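Below, each chain spelled out in residue letters.
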Amino acid sequence: MDTYFLANARCGAWFSRLAGRFNLFYPALLEERVHWQKYVPAGFRLEQLALRQIRAAESIKPFLFSPRERVASFPEPLSPDGKDMPTLLFGLKGCDLRGIAVHKKMFLEGEFADPFYARRLANTYFIGADCPVPEPSCFCNLLGLQPFLTQEVDLSLSVLDDGWLVEVISERGRELIDGDFVPANGSQLSQRQAQRERALAVLKQQNPKEWNPNLAGAIAERTSDRKFWVDAGADCVECFGCLMTCPTCFCFLLYDQGNAERFERTKVWDFCYIPMYARVGGGANPRPTFVQRFINRFHCKFMHAKNQNGFYACSGCGRCFTTCMGRIDIRKILGQL
Amino acid sequence: MSGAVKNPYQPVRAQILNVIEETPNIRTFVLKPETEIPFLAGQFVELTIPGFGEAPFTPSSSQFQRETLEMTIMRVGRATSALFTKKPGEWLGIRGPYGKPYPLREFEGRDIYIVGGGVGLAPLRALFLALVHEIKKYGRIYLRYGARTPRDIVYKQQLKEWEKIKGVDIDLSVDSATEPWERKVGVVTCLMDEIPCDVKKSVAVVCGPPIMMKFVTKKLVEAGFPGKNIYLSMEMNMSCGLGQCGHCRLGPYFTCKDGPVLTWEQIKDIEEPFL
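First to last, the sequence lines map onto chains A and B. Basically the numbering used here = 1-based index in the first sequence + 480. Basically the numbering used here = 1-based index in the second sequence + 1326.
For reference, chain A alone in the conformation it holds in the complex (with noise of 0.2 Å):
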């Protein structure tokens, strides 16, 4: 794919002319932590945009699957259909793609696709950004991915010390490609790939240690070795911090609200750790425990997934235990398998 250099004197227009376009959003550094924030033009600087850092405290999840969204209403029909003005996030990283390969299986690709699912993510762009300095959170190498983007965004951005440097992953992201633009020479390309060798190397450093290859089969063996589960889960004090900010996680509630003439059907997100989670109609439950519900959170991430999809329901950004209270670290348990 074709790659550019645009020059530091020209970022700051074309981030311009890409926000009027979108609904823009970047990672901004705010007390020392990057988060997602949205594009207003009054007070922005492009010094503000947080691209040689990890990804942001937040996953990309909320702007794809939306935390809290009316699905259905009665007795008018609720139809998905409909134009936004589209959506375009601005330096998201490796982890976070992860997220949407996961959704894309759970809700595109089955018998009955969610279209308001599919409308999203047919309306947003991805620009993605280099990882350059990892940090002792990530662990994406652990899970075959990179700390750069060369697939399934529509241009990468790699940051160099004179300019941008991007690259055309899809044909979408051509068109946001302008005259500003011109073609990478061997320099800059050089420049990005020992960046992106540095960040491979740090996260080599950090996890030396690879996972069993068979990562599912061997939870399988150690399923039925409860003291293994309760010890690993031992720390934890059921705050759902792990399963909220992960950008894998799927599961959903549908509930209504109204009356018999007229209510409507909204969709959040639920978590499995939750005791009523798989509560079925007149409350039994097949999960009662915290470590069978603990078990099924590796079961689903780390088996099932691997097995149904070929790839593990895990990102390797690190939110789960940056924001455990207990500070469950998932490295370690799946190191020790």
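If you are wondering where the hints come from, they were derived from the structure by calculation, not from laboratory data. Quick caveat, the model's predicted, so the values are computed rather than measured. Each hint should be verified, as a subset may be incorrect.
Listed below are the simulated BS3-like cross-link pairs for lysine-lysine, each with C-alpha atoms no more than 30 Å apart in a straight line [to be verified]:
id : chain 1 : residue 1 : chain 2 : residue 2
1  : A       : Lys-585   : B       : Lys-1594
2  : B       : Lys-1527  : B       : Lys-1554
3  : A       : Lys-585   : B       : Lys-1332
4  : A       : Lys-585   : B       : Lys-1554
5  : A       : Lys-584   : B       : Lys-1583
6  : A       : Lys-684   : B       : Lys-1492
7  : A       : Lys-563   : B       : Lys-1332
8  : A       : Lys-707   : B       : Lys-1594
9  : B       : Lys-1332  : A       : Lys-584
10 : B       : Lys-1527  : A       : Lys-786
11 : A       : Lys-786   : B       : Lys-1594
Just so you have them, the derived chain B footprint on chain A, three or more residues with Cβ under 8 Å [said to hold, decoys possible]:
id : segment
12 : 736-742
13 : 748-758
14 : 784-796
Just so you know, even glycine gets a beta-carbon here, dropped at the ideal spot from N, CA and C.
Using the hints provided, position chain B relative to the given structure of chain A.
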């Protein structure tokens, strides 16, 4: 709305045509959906109690009866209690059908050994009616059904009619005979001491309370039915019905799209307490 994208969360309206009291706490609701719900025996639908919420139920009527569908439902919790306040003429909502039907093509030429317990006869009734609709395709149809007491037996009149069908063999039991009862007394497995079909060439179909399914399956396995020929209706929290929300996960399966009927071969190694 021509050309509109289909919304899988949107129920269609269904009017209650009739409510039949089967037992003191089991009723059959006869529904006429505004849009046909072309279900096959074994599939389920999500029934909306307007303003209250949804719950999954398997139609009990024949798949060949297209304009209306019947659902036989026991009052066990909040949703079913709300449903039991509904009367003929009132409206409900329906989404579906969902899940995989019984593989009737695979049943052809074989004896079918059906075991039901309590309100579990409802989905089995849909199966039974589909089988007798084309009865020449199948071997003998054995139906073994148990209820708590004679009063708790559903489809009492229909069972008498079904016994007259050539090629059908029915046996009934009750856990306790609190009123005059001329047939067996005991849990439904007491009807299984002699299994009259060739177990290697037959299929078994089971639906009922989890404890009943557990012991019936044990009997069937001991009798020599291959695990792939034992079909069990699994009860999980089939919430969205679309294979997306995750609530009905049962091992590697989503009960709503991979089931709700699963074979013993599929689920025997799954560590869940229901079976």
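Hint check:
{"no.": "1", "hint": "A:Lys-585 / B:Lys-1594", "result": "holds, 27 Å"}
{"no.": "2", "hint": "B:Lys-1527 / B:Lys-1554", "result": "holds, 11 Å"}
{"no.": "3", "hint": "A:Lys-585 / B:Lys-1332", "result": "holds, 19 Å"}
{"no.": "4", "hint": "A:Lys-585 / B:Lys-1554", "result": "holds, 28 Å"}
{"no.": "5", "hint": "A:Lys-584 / B:Lys-1583", "result": "holds, 17 Å"}
{"no.": "6", "hint": "A:Lys-684 / B:Lys-1492", "result": "violated, 72 Å"}
{"no.": "7", "hint": "A:Lys-563 / B:Lys-1332", "result": "holds, 16 Å"}
{"no.": "8", "hint": "A:Lys-707 / B:Lys-1594", "result": "holds, 23 Å"}
{"no.": "9", "hint": "B:Lys-1332 / A:Lys-584", "result": "holds, 18 Å"}
{"no.": "10", "hint": "B:Lys-1527 / A:Lys-786", "result": "violated, 36 Å"}
{"no.": "11", "hint": "A:Lys-786 / B:Lys-1594", "result": "holds, 21 Å"}
{"no.": "12", "hint": "736-742", "result": "holds (count 7)"}
{"no.": "13", "hint": "748-758", "result": "holds (count 4)"}
{"no.": "14", "hint": "784-796", "result": "holds (count 3)"}
When each numbered hint is compared with the structure, violations occur for hints 6, 10.
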